[in-house]
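Asks: Below are the chains, spelled out letter by letter.
Number of protein chains: 2
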Amino acid sequence: MPTVDLEYPKQPYSKVNRYDSRASYALETIHGIVNTCPIVHVSFTVPNSPFPTILPMIGQMGSFARPSADTGDVLELYLHGYVSSRIINMSRSANGESSGQEEGLPICVAASHVDGLVLALTPNSHSYNYRSAVLFGHATLVTDVDEKLYAMELITNGVVRDRYRHTRVPPNAAEMQSTSVLRVRISAGSAKVRSGMPNDDRADKEDEALLDRVWTGVVPMHYTMGEPLPGPYNRLEEAPKYIKEFRDDFNRDSKDVATEAATKPMKAAKAKHDD
Amino acid sequence: MPTVDLEYPKQPYSKVNRYDSRASYALETIHGIVNTCPIVHVSFTVPNSPFPTILPMIGQMGSFARPSADTGDVLELYLHGYVSSRIINMSRSANGESSGQEEGLPICVAASHVDGLVLALTPNSHSYNYRSAVLFGHATLVTDVDEKLYAMELITNGVVRDRYRHTRVPPNAAEMQSTSVLRVRISAGSAKVRSGMPNDDRADKEDEALLDRVWTGVVPMHYTMGEPLPGPYNRLEEAPKYIKEFRDDFNRDSKDVATEAATKPMKAAKAKHDD
Chain A
1 MPTVDLEYPK QPYSKVNRYD SRASYALETI HGIVNTCPIV HVSFTVPNSP FPTILPMIGQ
61 MGSFARPSAD TGDVLELYLH GYVSSRIINM SRSANGESSG QEEGLPICVA ASHVDGLVLA
121 LTPNSHSYNY RSAVLFGHAT LVTDVDEKLY AMELITNGVV RDRYRHTRVP PNAAEMQSTS
181 VLRVRISAGS AKVRSGMPND DRADKEDEAL LDRVWTGVVP MHYTMGEPLP GPYNRLEEAP
241 KYIKEFRDDF NRDSKDVATE AATKPMKAAK AKHDD
Chain B
1 MPTVDLEYPK QPYSKVNRYD SRASYALETI HGIVNTCPIV HVSFTVPNSP FPTILPMIGQ
61 MGSFARPSAD TGDVLELYLH GYVSSRIINM SRSANGESSG QEEGLPICVA ASHVDGLVLA
121 LTPNSHSYNY RSAVLFGHAT LVTDVDEKLY AMELITNGVV RDRYRHTRVP PNAAEMQSTS
181 VLRVRISAGS AKVRSGMPND DRADKEDEAL LDRVWTGVVP MHYTMGEPLP GPYNRLEEAP
241 KYIKEFRDDF NRDSKDVATE AATKPMKAAK AKHDD
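Protein chains in written order, with the UniProt record's numbering: chain A, 1 to 275; chain B, 1 to 275.
Among the hints, erroneous ones may be present.
It does not matter which identical chain is used: a pair holds within one copy or between any two.
[Unchecked claim] Capping the alpha-carbon separation at 30 Å, the derived lysine-lysine pairs in DSS-like fashion look like this:
# : residue 1 : residue 2
1 : 205       : 10
2 : 255       : 244
3 : 148       : 255
4 : 148       : 241
Read the hints as simulated data drawn from the structure, not as lab findings. These figures come from a predicted structure and were not determined experimentally.
Generate the whole structure from the sequences, applying the supplied hints.
Replies: So, in structure tokens, the structure goes:
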């Protein structure tokens, strides 16, 4: 844990304009959201296409230089997943040599948790409880073997705690060759969090007939992991302890976070509407 | 249901290059994924910013012209959520008048479900079971009052089935004024689906010591909705039947989809690696 609470600089492209009472620029908050999302969404622009594109990928924040760094430290984002050859090729060629610009492919990464459905008296005041983070940075291909191994372990254990060392490692030469990992150097980021119960306009909250008729509150929502289902060539009689404990912890934490999000008040409830 | 299975045209920017055996261009598949996601991620480019940006938003596919249209029909995407003034202003001004280009702001929309963790013998063969969809299109502001009301009902009932008519409706003038809805005319789209058990390389599947040591299989993963928690000004003794039934159906369906994704084989299992 760093001795001060670090924040990302507010940039014109990263500043939260709407409901800024819900915004945070704290590295700890933003990195925590990213590292607990099973997938992140990565956006980049494509030459000769009228549209930007989005890829779902797996991402974890880490530091190859200081592997013991905490969530609130300065970290880089490692990306892996269904990496189209396009993003890999673009990251490889975006080395900035020709232009003198910052090295790498400019990307935006979003990580979002839905924590509950907020049911109010009017459609406009309906909302979600959620935690969302956005990061902006430059992606480059990881070419150093040791850094690639670090990132592969980080990402595998980000999906299932402690999984990496329980599999056949290290990856062989063919696997190292065929696997691409991107490292994103972060320029800025922000988080937005909504928690708590519905909040309607005063006129509606004073409408007796309406209050007698409409149920208001929160339906908590969270990811659940089911019973591990053995595959066709599995030989172990049951899933090992580290998988079971990971699953149990995940399910308990997920449920707790969603329930707490419903019942705890917003830190700064300046926002009036929830549309 | 249309009498033929409609597909989106394959465009250079929408074609799935990697694992194309997992790809689909069917409207029914793509729209089904979008309409069951609690949130979608919307990407667009921002003038004078080095990075594209992503907003989490609420989206539902529908047809104002033919409200009875099915999931597999030609539909438009209606977006609502934490709409930054930036995307609204850009959509308002992107009317194509000056340039002769297609009307609206070019955006990319991603909708992704995680259905399970696929645990293989090697880190490289690990994967998720998932269903993801990407749509490309042009966003414009909905200005017609009737269409806006149609979209508000569509989106509200997309979050909780049948919720709209159980709240205080229609929205009043101030609410209509303050609410922005975007309509996206879709140019192309694609879906990518992975299901089934892990599939390792032959050399690993013939490694007896490895098979005796590593658990392989799928941990199904899905969203769950908890018990509805009443808010501070709720007066109803318990959540009404339509909310309870919606929650029960959602939880049963979510669990079934994740379990089926784990146990059913891929339609076309051409892909060898799962990295």
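Asks: All the hints need checking, so say for each whether the structure fits it.
Replies: Now the hints, each set against the structure:
1. 205 - 10: neither (37 Å within a copy, 51 Å between copies)
2. 255 - 244: Answer is both: 17 Å inside a copy and 18 Å across each meet the 30 Å cutoff.
3. 148 - 255: neither (34 Å within a copy, 35 Å between copies)
4. 148 - 241: within (28 Å within a copy, 53 Å between copies)
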